[in-house]
Amino acid sequence: MQCIEARGLRKSYGPTTALDGIDLSVAPGRILGLIGRNGAGKTTALNAILGLTPYQGELTVLGRNPWSERDALMNEVCFIADVAVLPRWLKVSQALDYVAGVHPRFDRAKAEAFLARTTIKRGSRVKELSKGMVTQLHLALVMAIDAKLLVLDEPTLGLDILFRKEFYDSLLNDYFDHSRTIVVTTHQVEEVQHVLTDLMFIDRGRIVLSTSMEDFESRYTEVMVHPQNVEAARALKPIHEQQAFGRSILLFDRADRDQLATLGEVRTPSIADLFVAVIGGTAGGAS
Amino acid sequence: MNAPAAIVPVTRVRPFYWSVRRELWENRSLYMAPRVAAAVVLIGYVLGLIMGSENQLDLSSLPPALVRGRALVPYGFSAFAIMATMVIVAYFYCLGALQGERGDRSLLFWKSLPVSDRTTVLAKAAIPMLVLPLLTFAVIVVLQAAILLLACAFLAAKGKSAAALWNALPIMSMLVGYFYALLTMALWNAPVYGWLLLVSAWAQRSTFLWATLPLLAVSCIEKIAFDSWHFAAFLQGRFTGSISRAFSVAPPDPALVAEAAKAGAHSGRAMYIPETVPDPAKFFGNPELWLGLAAAVALIAVVIRLRRLREPV
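Heads up: the protein sequence lines correspond to chains H and L, in order.
My numbering puts the first residue of the first sequence at 14, with every later residue one more than the last.
My numbering puts the first residue of the second sequence at -9, with every later residue one more than the last.
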């Protein structure tokens, strides 16, 4: 059984189409990155998956309909969203008590152990903590929940680079165990590149690219072309070209690496480079 | 308020209990306001004793008809003050109960946990209808015990006996009366709480205005169109009418009334206070009560639906 299965998922707000028929299939044990511009429909897709918003089309999450079976689903699904903030009045000890009191799969000892590695005090209220500490607290709560699906919507927004790195390190080392599934959206794509197993670009409510990271690495090649080879390289139909340091950098889809290596320095592009190539071209014309 | 460090077994979850606890954590005014009101009443009472209205405690000089009424004055008034505080706290709690979690964007955090909208909304509705009345009852009992002890101490300091005071106070029926008053108030006010929770679940902001102005508008339209105040009278009955519907004035004893009138003629201040007694037959036989409860159930069902449908910002 797939963890998430969507077919023709649609959602409109009045005249605005947020999701324009999305097909999606996420197997258990994957870490999917959902990348898109602001307003591309990422959060709407996640809200539909979490049963927070009604939708048209077919959608099953862990074998359930997320809208009609939301209460049961939330025993097995967890999420951190940039907008799902911990209330400012909540004390750390109260957060632990509450989650322990309502969640059958919460391991309090695990959360305490994670918090012990931070400087967060039990008696502090959320409003007294820095943004990084609030995220640590939220992560401590979520990582102690034995969930099958974890959804992260811009979880590291506004955090400094050390907190961001620690966030993903904790997630990979202490949480992810190949039986869980994680779906993450973020603008800080360079930091999740090595975390993801699957990648999806979403633009204006549609999925414009969907690939596993293994395929991504074999499929896309970036070449910093020697000046004398530029015309030859262009003849091979790159999907994108940019200039840096006076050199042309060309991005190829399914090209012969050995052939490209004769034209310049070859490397695997970053997700950000590919994103600019795939989305930047279409968005540039519109904006 | 520090939560007990009890170790909750992983499998044992009590979503309703913890949802109520969370309301108390968030809204400290729920338990602080009745206590502050009690402290204010107590300070007033002590000031009264010091400033010399001690003759209020001197029941021996009163004719028997007036003893009970006079002895009950501070108790009746203090209970009224605490209950009025409770109602105000309850109204404002309801207005913020579902708007606050959207306002501070914590709604999605609460929704990320396996607590259904029904459990959450019922826990919020239980605050004005169950938790606050019980808390208020406890505050009233403690406050009145303190007033009684102060009175006894004061009498003892003056070398007087407190026996007349003890004899005049029907302590058991006072306690039953307070409990009954709080119970009937919770039942009678239920549709008001339901309405305020509905506004809180629906309005983006200005919940107080949304809760009050439409009602005022309906009343104004009625007055202009039909020159009548039926809706206003209905509202007044709903917001403040529980006591008059739950209690009845006992038929006055003509002998006592006559005696009181005679005493009142020369003391000026003394008057016969007719006894107000619980009248459950009248209260529970009132179809308005049951219509109101049905309306409250319907309103809360809508609130649950609204919290479910409310899209994250």
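One or more hints might be untrue.
Claimed, not checked - Beta-carbon label-pair distances, calculated as ranges:
1) L:D243 <-> H:G136: 54 to 64 Å
2) L:A291 <-> H:K134: 19 to 29 Å
3) H:S25 <-> L:F224: 54 to 64 Å
4) H:P117 <-> L:N276: 39 to 49 Å
5) L:R18 <-> H:S25: 34 to 44 Å
6) H:Y26 <-> L:V208: 27 to 37 Å
Hint data in this document are derived by calculation from the structure and do not stem from the laboratory.
The beta-carbon is built from N, C-alpha and C at its ideal position, and this holds for glycine as well.
Hint-by-hint comparison with the structure:
1. L:D243 <-> H:G136: 54 to 64 Å: Hint holds: Cβ distance 60 Å, inside 54 to 64 Å.
2. L:A291 <-> H:K134: 19 to 29 Å: Cβ of L:A291 to Cβ of H:K134: about 42 Å, so the range 19 to 29 Å is violated.
3. H:S25 <-> L:F224: 54 to 64 Å: 42 Å, violated
4. H:P117 <-> L:N276: 39 to 49 Å: Given about 44 Å between the Cβ atoms, the range holds.
5. L:R18 <-> H:S25: 34 to 44 Å: Because 42 Å falls inside the window, the suggested range holds.
6. H:Y26 <-> L:V208: 27 to 37 Å: 32 Å, holds
The structure shown violates the earlier hints numbered 2 and 3.
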